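Number of protein chains: 2
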Amino acid sequence: MTETITKPAKLTVPPRTIMTPGPVEVDPRVLRALSLPILGQFDPSFTNIMNENMTMLRQVFQTQNHWAYPIDGTSRAGIEALIAALIEPGDKMLVPIYGRFGDLFVEIGERYGAEIHTLDSEWGTVFDQEAIIAEIKRIHPKIVTLVHGETSTGRMQPLDKIGSYCREEDVLLVVDCVATFCGADIRPDEWCIDALIGGAQKCLSIPSGITPITYNERVEHIILKRKKVERGIATAEERKRSTGLPIRSNYFDLGQLQDYWSERRLNHHTEATSMNYALHQGLELVLEEGLDNRFARHKLNEKALMAGILAMGLELFGDPSCKMPTVTCVRVPEGINADQVRRVLLEHFRIEIAGSFGALQGKIWRIGTMGYGCRQDNVLAVLAGLEASLIRCGAVVRRGEGLQAAIDVYDAAD
Amino acid sequence: MTETITKPAKLTVPPRTIMTPGPVEVDPRVLRALSLPILGQFDPSFTNIMNENMTMLRQVFQTQNHWAYPIDGTSRAGIEALIAALIEPGDKMLVPIYGRFGDLFVEIGERYGAEIHTLDSEWGTVFDQEAIIAEIKRIHPKIVTLVHGETSTGRMQPLDKIGSYCREEDVLLVVDCVATFCGADIRPDEWCIDALIGGAQKCLSIPSGITPITYNERVEHIILKRKKVERGIATAEERKRSTGLPIRSNYFDLGQLQDYWSERRLNHHTEATSMNYALHQGLELVLEEGLDNRFARHKLNEKALMAGILAMGLELFGDPSCKMPTVTCVRVPEGINADQVRRVLLEHFRIEIAGSFGALQGKIWRIGTMGYGCRQDNVLAVLAGLEASLIRCGAVVRRGEGLQAAIDVYDAAD
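If you read the protein sequences in the order shown, they are chains U and C. The numbering used here puts the first sequence at residues 77 to 490. The numbering used here puts the second sequence at residues 77 to 490.
Read the hints as simulated data drawn from the structure, not as lab findings. The structure displayed is predicted, hence computed values, not measured ones. Among these hints, one or two may not hold up.
Copies of the same chain are indistinguishable here, so a pair counts whether it falls within one copy or spans any two.
For lysine to aspartate or glutamate, the following DMTMM-like pairs were computed, each having C-alpha atoms within a straight-line distance of at most 20 Å [to be verified]: (1) Lys86 x Glu360; (2) Lys303 x Asp265; (3) Lys86 x Glu365; (4) Lys86 x Asp103; (5) Lys379 x Asp453; (6) Lys375 x Asp261; (7) Lys237 x Glu206; (8) Lys379 x Glu314; (9) Lys86 x Asp453; (10) Lys86 x Glu364; (11) Lys86 x Glu128; (12) Lys86 x Asp167; (13) Lys237 x Asp261; (14) Lys218 x Glu198; (15) Lys375 x Glu293; (16) Lys375 x Asp487.
Please model the complete structure; the sequences and the hints are all you need to start from.
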């Protein structure tokens, strides 16, 4: 072989303060867990880690569901796995949309042949739950999908009433809580939510690439009806057994994933070793802090950030009554180039904040206060950096006021 | 909230020598890369890492293809992504099967509506390329899928002749080289292979959970015809544009993934940060060693392992003319319980070897010599441990001969 000798690139990772809606900074203890040696997928020490991850996921999801495990893929892999399990071609799916990630449910549902019905709410608002319930009554879909925290607009949809209505009408409720999982309260059992998709790289603060899901017996019932054991490892009887319409994806076949995550340990994929370590350590840290404390920490840092932004003379975007505690959307002042400010902030301060999508592009900045990054030092750093970057880009702000207002919030909380 | 106070489980990872066909040990430099801090997905420092990963993947795949990037999922996610891109319902797919992972192509192809034609070869053998070519002539499928290295049986399919015939007949050739990527020579461009799926947790020796793929313009052409930009971020014109039958999966939509991995950087999922660091560092190490040296290292350790196994009085499984250099299958001696031996080896020596699937379960052990784990100390450790465990379980072996024979091989190579 004649091989071209090329000097391989060296991996370079500069320091950053990440204040976006994800991926966010990861606790050094999680980074350390990632660097532990590999274990075989059927090594009892590894299957023990898998079992512990299931137990801890149940606690963090605040559910009694048996099934709580991760999908080896990013958040939308978790969403797709649940849609693939629940939708057969022609099934009706109601998708209330109040931002970009509502659209994602449409996108995925269409691929699996759903008959999609949408309900729209202006970006920056959420739905009155009664409006959704009325639409469920009118359409009678098989499933309703909702985004709990819509990072594109920074809004959080109340959903304590919709599930019980769904239960009565035999409709399934699937909730994307990617951006609120471990950052804001959500009660699957109390609120009658049938399936949830949590996030990794947001308030749980582990790297992107693994996605916790949970679902109840109503969802499992559908999965079992569609179950198909893999040809290469099925018993003779299993090969013959007739089944319902199989799930259209093998990678996302929750029937096969259940077998792998159960005591049967029937081989499917090779579970992502290091990412399961990160998940384990991340969940440990959440349980050590306690969910109540963690939610309160997110509220406090949000409060300080908002106070600082307003005191600086900037305006917040969106209906304040439904603001997400983990994302704060700031209006870009008239005449200011949103991306230029973000560039100055990144180049000089090494701080990253986010823009937004679609009609909001260039109109708002989105600042995340999530998980490990949701800390006083980070909130003060982003306020200081944003003020200086705005001045640098020609904006008029109330100099020095932002930090004082934020510190006042922290002092009052002590 | 009334929270149950439960002491979270502590993450425990015991030391292991992993001599299975994957997941295998990871170089400490890769483990260290995994523990680097997070970067935002659109941070120029991170998109630079993505670009470098593409460049290094092209080199390691030994291809001029533009498209070479990872799928955020385990190996079968890479396989599914290519099948999803290429198969529309009713398309003919020819699947020659000589082990479990041929069956996996059937499994995935069926899910995407392919009309599947299989060709079978006894487990432990491979196909004469002419037999496959004759079947292509008979069936004229849209795609032919082949496994390069079949870990379930330890065989490697020659495939230097099939691709050029496919090219003439306008058939696409897709090859699963999960178990040989970075461990045995494969020439996509020379051998006219249109798409390949490489492995992470095998000879590249990074953790499971990310999967390198590459494909040429013939595959890209089909992907572009089916392209659909996501509703939530499409321009008005893109929303209107009519397209071919969209790819059935959003997560595996290679058209959208191309946009994300191109300069357009159109948001799809949030790329797996830490796993991309691992990929970068893993590829650096492969290029530093050089592919030729790496393949030679795999051959040498295989030779020593085989010599040791035979000298001990054990027998190898399968046709030796098509043995994979990275997996060695050993017949379980009559009257010996295969799993008991594996248990003794794991408990006393902390060494892991694998069993097999289907009809071979309990009949053979599979010993991997892959990537970072493919080393003299590991080969000698597994021979020593296997001999002792066999004796412990009542087998008669030629005591002490295995290690001497293996060391002879290493001495002769110096």
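Go through the copies and call it for Lys237 and Asp261: within, between, both or neither, with a Cα cutoff of 20 Å. within (15 Å within a copy, 60 Å between copies)
Intra- versus inter-copy proximity for Asp167 and Lys86 (alpha-carbon distance at most 20 Å): neither (50 Å within a copy, 43 Å between copies)
Give the relationship of Lys86 and Glu365 under a CA distance limit of 20 Å: within one copy only, between copies only, both, or neither. This pair counts as between: shortest inter-copy Cα distance 15 Å, intra-copy 37 Å.
How do Lys86 and Glu364 come out at 20 Å by Cα distance, when the copy is not named: within, between, both, or neither? between (37 Å within a copy, 11 Å between copies)
When no copy is named, should Lys379 and Asp453 be tagged within, between, both, or neither for a Cα gap of at most 20 Å? within (14 Å within a copy, 58 Å between copies)
Is it within, between, both or neither when you check Lys375 against Asp261 at 20 Å Cα-Cα? within (11 Å within a copy, 56 Å between copies)
How would you label the pair Lys237, Glu206 (within, between, both, or neither) given a Cα cut-off of 20 Å? Classified as within: same-chain Cα gap 8 Å, cross-chain 65 Å, threshold 20 Å.
20 Å Cα threshold - placement of Asp453 relative to Lys86: neither (31 Å within a copy, 29 Å between copies)
Between copies, within a copy, both or neither: which fits Lys379 and Glu314 at Cα up to 20 Å? Neither: 56 Å inside a chain and 40 Å across chains, both beyond 20 Å.
Checking an output row: Lys375 and Glu293, CA cutoff 20 Å. Within, between, both or neither? neither (33 Å within a copy, 51 Å between copies)
Within, between, both or neither, where Lys86 and Glu128 count as close if Cα-Cα is 20 Å or less: Classified as between: cross-chain Cα gap 9 Å, same-chain 36 Å, threshold 20 Å.
Using 20 Å as the alpha-carbon threshold, which applies to Lys86 and Asp103: within, between, both, or neither? between (24 Å within a copy, 16 Å between copies)
In the structure shown, a violation is registered for the earlier hints numbered 2, 8, 9, 12, 14, 15, in ascending order.
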